[in-house]
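A.B. asks: Sequence:
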Amino acid sequence: MLDLKYIRDNLEEVKKNIQIRNVSADPEKVVNLYNKKNEVLKRTESLRQKRNENVRIMKGKLSEGERLKLIEAGKKLKEEISALELSLEKIRSNLHREILKIPNLTHPDVPEGRSEDDNLELKRWGKPAEFTFKARDHLQIGNELDLIDFETAAKVSGQKFYYLKNKAVMLELALVRYALEILEKESFTITLTPDIAKEDIVEGIGFIPRGEESNIYSLEGTGTCLVGTAEITLGAYFSGQILKAEDLPIKLAGLSHCFRREAGAAGQYSKGLYRVHQFTKVEMFIFCRPSQSETQHSYLLNLEERIYQGLDIPYRVVDTCTGDLGGPAYRKFDIEAWMPGRGQKGDWGEITSASNCTDYQARRLGIRFKENGKSVYVHMLNGTAVAVSRTLIAILENFQQEDGSVKIPEQLVPYTGFSRIN
RNA sequence: GGAGAGGUGUCCGAGUGGUUUAAGGAGGCGGUCUUGAAAACCGUUGAGCUGCAAGGUUCCGGGGGUUCGAAUCCCUCCCUCUCCGCCA
Numbered sequence: 000m001l002d003l004k005y006i007r008d009n010l011e012e013v014k015k016n017i018q019i020r021n022v023s024a025d026p027e028k029v030v031n032l033y034n035k036k037n038e039v040l041k042r043t044e045s046l047r048q049k050r051n052e053n054v055r056i057m058k059g060k061l062s063e064g065e066r067l068k069l070i071e072a073g074k075k076l077k078e079e080i081s082a083l084e085l086s087l088e089k090i091r092s093n094l095h096r097e098i099l100k101i102p103n104l105t106h107p108d109v110p111e112g113r114s115e116d117d118n119l120e121l122k123r124w125g126k127p128a129e130f131t132f133k134a135r136d137h138l139q140i141g142n143e144l145d146l147i148d149f150e151t152a153a154k155v156s157g158q159k160f161y162y163l164k165n166k167a168v169m170l171e172l173a174l175v176r177y178a179l180e181i182l183e184k185e186s187f188t189i190t191l192t193p194d195i196a197k198e199d200i201v202e203g204i205g206f207i208p209r210g211e212e213s214n215i216y217s218l219e220g221t222g223t224c225l226v227g228t229a230e231i232t233l234g235a236y237f238s239g240q241i242l243k244a245e246d247l248p249i250k251l252a253g254l255s256h257c258f259r260r261e262a263g264a265a266g267q268y269s270k271g272l273y274r275v276h277q278f279t280k281v282e283m284f285i286f287c288r289p290s291q292s293e294t295q296h297s298y299l300l301n302l303e304e305r306i307y308q309g310l311d312i313p314y315r316v317v318d319t320c321t322g323d324l325g326g327p328a329y330r331k332f333d334i335e336a337w338m339p340g341r342g343q344k345g346d347w348g349e350i351t352s353a354s355n356c357t358d359y360q361a362r363r364l365g366i367r368f369k370e371n372g373k374s375v376y377v378h379m380l381n382g383t384a385v386a387v388s389r390t391l392i393a394i395l396e397n398f399q400q401e402d403g404s405v406k407i408p409e410q411l412v413p414y415t416g417f418s419r420i421n
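For the first sequence, numbering that gives the first Met the number 0 gives the first residue as 0, with consecutive numbering after it.
FYI, nobody ran anything at the bench for these hints, they're computed from the structure. Don't take each hint at face value.
Across the chosen pairs, the derived CB separations fall in these ranges [stated by the list, open to error]: (1) D116 x E401: 28 to 36 angstroms; (2) D8 x E370: 20 to 28 angstroms; (3) S238 x L85: 27 to 35 angstroms; (4) K369 x W124: 52 to 60 angstroms; (5) N142 x D194: 45 to 53 angstroms; (6) G309 x Q267: 23 to 31 angstroms; (7) N53 x Q18: 45 to 53 angstroms; (8) K406 x K270: 33 to 41 angstroms; (9) D346 x S418: 21 to 29 angstroms.
Below 16 angstroms or equal to it, Euclidean Cα-Cα: the simulated EDC-like pairs (lysine to aspartate or glutamate) are [unchecked claim]: (10) K122 x E349; (11) K36 x E84; (12) K75 x E52; (13) K406 x E143; (14) K4 x E78; (15) K49 x D2; (16) K197 x E180; (17) K68 x E52; (18) K166 x E180; (19) K35 x E52; (20) K100 x E52; (21) K369 x E219; (22) K133 x D148; (23) K164 x E150; (24) K122 x D2; (25) K41 x D2; (26) K270 x E78; (27) K270 x E212; (28) K164 x E183; (29) K77 x D25; (30) K89 x E52; (31) K126 x D318; (32) K100 x E212; (33) K15 x D148; (34) K74 x E38; (35) K126 x D346; (36) K164 x D148; (37) K122 x D246; (38) K270 x E84.
Here the structure is a predicted model, which means the values were calculated and not measured. The beta carbon of each residue, even a glycine, is placed where N, CA and C say it ideally should be.
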């Protein structure tokens, strides 16, 4: 969330930002609720002060008459205070609800636009393969080589689930190992995170844990959710803590399953493994000083590129436009891999994203560090190291051979133990 | 899942209704002394909200309750430890 004082003092800027990011939020309502909260808080606190004074007097020796009088006064104060506290609580919860709708500020270089079509292409790497035969999509390849089984998964778990089989299993494990080793060398602390997190944590990271529009599976009656990404469990790792300035930047990497409801998502561009309810992902996370976050953001993008260059997957990098940014992100770079089976004649498909969320998440989660005796919110960044299911698409479709087999990228062979699937 | 013991500031730890405005210790920071360091001594040292500030207010695992007044009493949930049960 944004700082309340900042919204109050920069209302026009916040309004403009909401407009270019194409979301519905009402900062004026937030400011009104904030002012109202402060006003009621002030009255509550002055009554509390009276109550405390009253109590202090009663610590000493008093005549019975005086004591009774003070007790009566205390009773009256108590009633007034609880009435005010009740309305304060109401205002607070309204304020909380409204402020969560307000997105992060936006980096000045982010292209303005309404949808992903307005994202700005920054660069391309590699050359999409030109096939001398009719290219198949990963569904066909997966079927022919007995690698992916959607039908059985639909029967057992529902649509948009899948069984990986045979060499695809090893390929998934190899990708995970490949990414984790690179990150370990980059002195990330590698972790294997829980796949479940508490609702307030999920919300603190900026996801909506419940409701129709939520992309998150909540576990009824437990106050917890299945994580949509390890960004949640990594980001909350230090929640409520004050970090040592000399420890920054802190780099964590996490392997987890990711669960997404994807309600209403369907169609040609979501087919097969592209949009599924469960997949495996290695995520990177950085906590740093505000002055470092732009550099760290480039660093994350750079690492992602290295990882996909190592896999020989052709890709392009895009700077996500204002209308396509999620609430917490200040700026986001996506890597889109070339997927020959996507659309009619192949297309780019998002395979990683690296976001600089500045202090938007840190404020809700209470993650700070000390600077000159003052506590400052850290900046938090996240990036995909390997999203396995989509990387499988890219590998199967880009490295398919005329004889129906699939070649494994050279750098992955030490991890798979085979260089070809057939 | 059952029984018991716990959860207090960066850490250890005292505290069972009103001199707790959280004792004391360790650690950190500053200083005295010293060629320098150690030791010793002196001082200082949590966070949030509000406010220009002074100040005020909240926080003793979370939430709720009793009371004029709660770290302290009651209810509830969470977590940790020990033992038992179950189990990859």
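A.B. asks: Evaluate each hint against the coordinates.
C.D. replies: Quick rundown of the hints versus the structure:
1. D116 x E401: 28 to 36 angstroms: holds, 34 angstroms
2. D8 x E370: 20 to 28 angstroms: holds, 22 angstroms
3. S238 x L85: 27 to 35 angstroms: Distance hint for S238, L85 holds at roughly 29 angstroms.
4. K369 x W124: 52 to 60 angstroms: For K369 and W124 the Cβ distance comes to about 41 angstroms; the hint is violated.
5. N142 x D194: 45 to 53 angstroms: violated, 28 angstroms
6. G309 x Q267: 23 to 31 angstroms: Because 30 angstroms falls inside the window, the suggested range holds.
7. N53 x Q18: 45 to 53 angstroms: With a Cβ separation near 51 angstroms, N53 and Q18 satisfy 45 to 53 angstroms, so the hint holds.
8. K406 x K270: 33 to 41 angstroms: Hint violated: Cβ distance 23 angstroms, outside 33 to 41 angstroms.
9. D346 x S418: 21 to 29 angstroms: holds, 28 angstroms
10. K122 x E349: Between K122 and E349 the Cα gap is close to 14 angstroms, so the pair holds against 16 angstroms.
11. K36 x E84: holds, 11 angstroms
12. K75 x E52: Holds - the C-alpha atoms of E52 and K75 are around 14 angstroms apart, at most 16 angstroms.
13. K406 x E143: Holds, at about 15 angstroms.
14. K4 x E78: Violated - the C-alpha atoms of E78 and K4 are around 31 angstroms apart, more than 16 angstroms.
15. K49 x D2: With Cα atoms ~31 angstroms apart, K49 and D2 exceed 16 angstroms; violated.
16. K197 x E180: violated, 29 angstroms
17. K68 x E52: With Cα atoms ~14 angstroms apart, K68 and E52 stay inside 16 angstroms; holds.
18. K166 x E180: Given that 16 angstroms is the threshold and the Cα spacing comes to 21 angstroms, the pair is violated.
19. K35 x E52: Not satisfied, since the Cα-Cα distance of roughly 26 angstroms exceeds 16 angstroms.
20. K100 x E52: violated, 41 angstroms
21. K369 x E219: violated, 39 angstroms
22. K133 x D148: Distance of about 23 angstroms is beyond 16 angstroms: violated.
23. K164 x E150: Holds, at about 13 angstroms.
24. K122 x D2: violated, 35 angstroms
25. K41 x D2: violated, 20 angstroms
26. K270 x E78: Roughly 61 angstroms between the alpha carbons, so the hint for K270 and E78 is violated.
27. K270 x E212: Violated - the C-alpha atoms of E212 and K270 are around 21 angstroms apart, more than 16 angstroms.
28. K164 x E183: Not satisfied, since the Cα-Cα distance of roughly 28 angstroms exceeds 16 angstroms.
29. K77 x D25: With a Cα-Cα distance of about 35 angstroms, the restraint between K77 and D25 is violated, given a limit of 16 angstroms.
30. K89 x E52: Cα-Cα ~27 angstroms, so violated.
31. K126 x D318: violated, 20 angstroms
32. K100 x E212: holds, 13 angstroms
33. K15 x D148: violated, 48 angstroms
34. K74 x E38: violated, 23 angstroms
35. K126 x D346: Since the Cα atoms of K126 and D346 sit roughly 13 angstroms apart, the hinted pair holds (cutoff 16 angstroms).
36. K164 x D148: holds, 7 angstroms
37. K122 x D246: Roughly 33 angstroms between the alpha carbons, so the hint for K122 and D246 is violated.
38. K270 x E84: violated, 52 angstroms
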